Amino acid sequence: EDQVTQSPEALRLQEGESSSLNCSYTVSGLRGLFWYRQDPGKGPEFLFTLYSAGEEKEKERLKATLTKKESFLHITAPKPEDSATYLCAVQVHAGGTSYGKLTFGQGTILTVHP
Amino acid sequence: NAGVTQTPKFRVLKTGQSMTLLCAQDMNHEYMYWYRQDPGMGLRLIHYSVGEGTTAKGEVPDGYNVSRLKKQNFLLGLESAAPSQTSVYFCASKSSRLAGTGATQYFGPGTRLTVL
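Just so you know, the sequences run in chain order A and B.
Heads up, our numbering is the position in the first sequence plus 323, with the first residue counted as 1.
Heads up, our numbering is the position in the second sequence plus 21, with the first residue counted as 1.
Think of the hints as simulated: they come from the structure by calculation, not from any bench.
There could be a bad hint or two in this list.
Distance windows between CB atoms, simulated [unchecked claim]:
#	chain 1	residue 1	chain 2	residue 2	range
1	B	Gly84	A	Thr349	27 to 35 Å
2	A	Pro331	B	Gly37	37 to 45 Å
3	B	Lys35	A	Lys382	39 to 47 Å
4	A	Gly352	B	Lys35	40 to 48 Å
5	A	Ser342	B	Pro60	17 to 25 Å
6	A	Glu368	B	Pro29	18 to 26 Å
For lysine-lysine, the following DSS-like pairs were computed, each having C-alpha atoms within a straight-line distance of at most 27 Å [unchecked claim]:
#	chain 1	residue 1	chain 2	residue 2
7	A	Lys402	A	Lys365
8	A	Lys402	A	Lys386
9	A	Lys365	B	Lys78
10	A	Lys365	B	Lys91
11	B	Lys91	B	Lys30
12	A	Lys402	A	Lys380
13	B	Lys92	B	Lys30
14	B	Lys35	B	Lys78
15	B	Lys78	B	Lys92
16	B	Lys35	A	Lys365
17	B	Lys30	A	Lys365
18	B	Lys92	A	Lys365
19	A	Lys382	A	Lys392
The model shown is predicted, which means the values in this text are computed figures rather than measured ones.
Note that beta-carbon positions come from the ideal geometry of N, C-alpha and C, so glycine has one too.
Kindly produce the complete structure, drawing on both the sequences and the hints.
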């Protein structure tokens, strides 16, 4: 069974205090790993897709990296507007029948204090 | 483009009542999905569709039915609502392409459902 575990469950940072969120996964064959941001009362908003170990992607203060067992979302010098829940999800190879289905982790609630 | 839209935004039902949630997308996506999100459980797939007229069960399909009569719309029905179905429901859509932006699911704003 495919499993995705995110840690920590919640993270409180001071503005400017860099840190990382972790997403570890156990899947039969990874097709892609996705990071989403979710603000309270809203739907998940796509951030990044990573396809192979060693791949990195950046967007503003966020940088996502991927290994064979986990992904990290690094947040550099965060601002209060970065406060949100960050979701990790995996898409697996399934002989052409996965139909893009995603398995999600439980998310990390990030709070950045001014 | 509006992307993915969901109606209604909020709904309160009594146990045993029925209702239909509507999802619409204007991106000409082939695949559509219904998820529920509960505290501590993450997003779980209820049903999905890979094209007009086709539907399939996801991880937690019991108590729900779906229909995809038009490519742009995906309906989620609750025939006899139960308190366990109190949740936030999200619809998503995706291109049938496997790579690049085609691999990404785009989500709607959600429907918050309370069953008393």
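Here is how each hint holds up against the structure:
Checked against the hint of 27 to 35 Å, the pair Gly84/B and Thr349/A passes, with Cβ atoms roughly 29 Å apart. Here the CB-CB span from Pro331/A to Gly37/B is close to 40 Å, well matched to the stated 37 to 45 Å. At roughly 44 Å, the beta carbons of Lys35/B and Lys382/A sit within the given window of 39 to 47 Å. Against the hinted window of 40 to 48 Å, the Cβ-Cβ separation of Gly352/A and Lys35/B comes to about 45 Å, which satisfies the hint.
Range check, Ser342/A to Pro60/B: Cβ separation about 23 Å, and the 17 to 25 Å hint holds. Under the hint 18 to 26 Å, the C-beta atoms of Glu368/A and Pro29/B, about 21 Å apart, fit the expected range. Proposed proximity of Lys402/A and Lys365/A is supported: the alpha carbons are some 20 Å apart, at most 27 Å. Distance restraint check for Lys402/A and Lys386/A: the Cα-Cα separation of roughly 15 Å lies within the 27 Å cut-off, and the hinted pair is therefore satisfied.
Between Lys365/A and Lys78/B the alpha-carbon distance is near 25 Å, which keeps this suggested pair within the 27 Å criterion. A distance of roughly 25 Å separates the Cα atoms of Lys365/A and Lys91/B; the hinted pair therefore holds under the 27 Å criterion. Taking the CA atoms of Lys91/B and Lys30/B, the gap is about 21 Å. The hint holds against a cut of 27 Å. Distance restraint check for Lys402/A and Lys380/A: the Cα-Cα separation of roughly 19 Å lies within the 27 Å cut-off, and the hinted pair is therefore satisfied.
Using a Cα cut-off of 27 Å, the hinted pair Lys92/B and Lys30/B holds, with the two alpha carbons roughly 22 Å apart. Distance check on the hinted pair: Lys35/B and Lys78/B sit about 25 Å apart at the alpha-carbon level, within 27 Å; holds. Annotation: proposed proximity of Lys78/B to Lys92/B holds, straight-line Cα distance about 18 Å (limit 27 Å). Only pairs whose Cα atoms come within 27 Å are accepted, and Lys35/B paired with Lys365/A is accepted, the gap being roughly 25 Å.
Taken as a hint, the Lys30/B and Lys365/A pair is honoured in the structure, with Cα atoms around 10 Å apart against an allowance of 27 Å. Under the criterion of a C-alpha separation no larger than 27 Å, the hint pairing Lys92/B with Lys365/A is consistent with the structure, at around 24 Å. The straight-line distance between the Cα atoms of Lys382/A and Lys392/A is roughly 22 Å, inside the 27 Å bound, and the hint therefore holds.
Hint violations for this structure: none, all hints satisfied.
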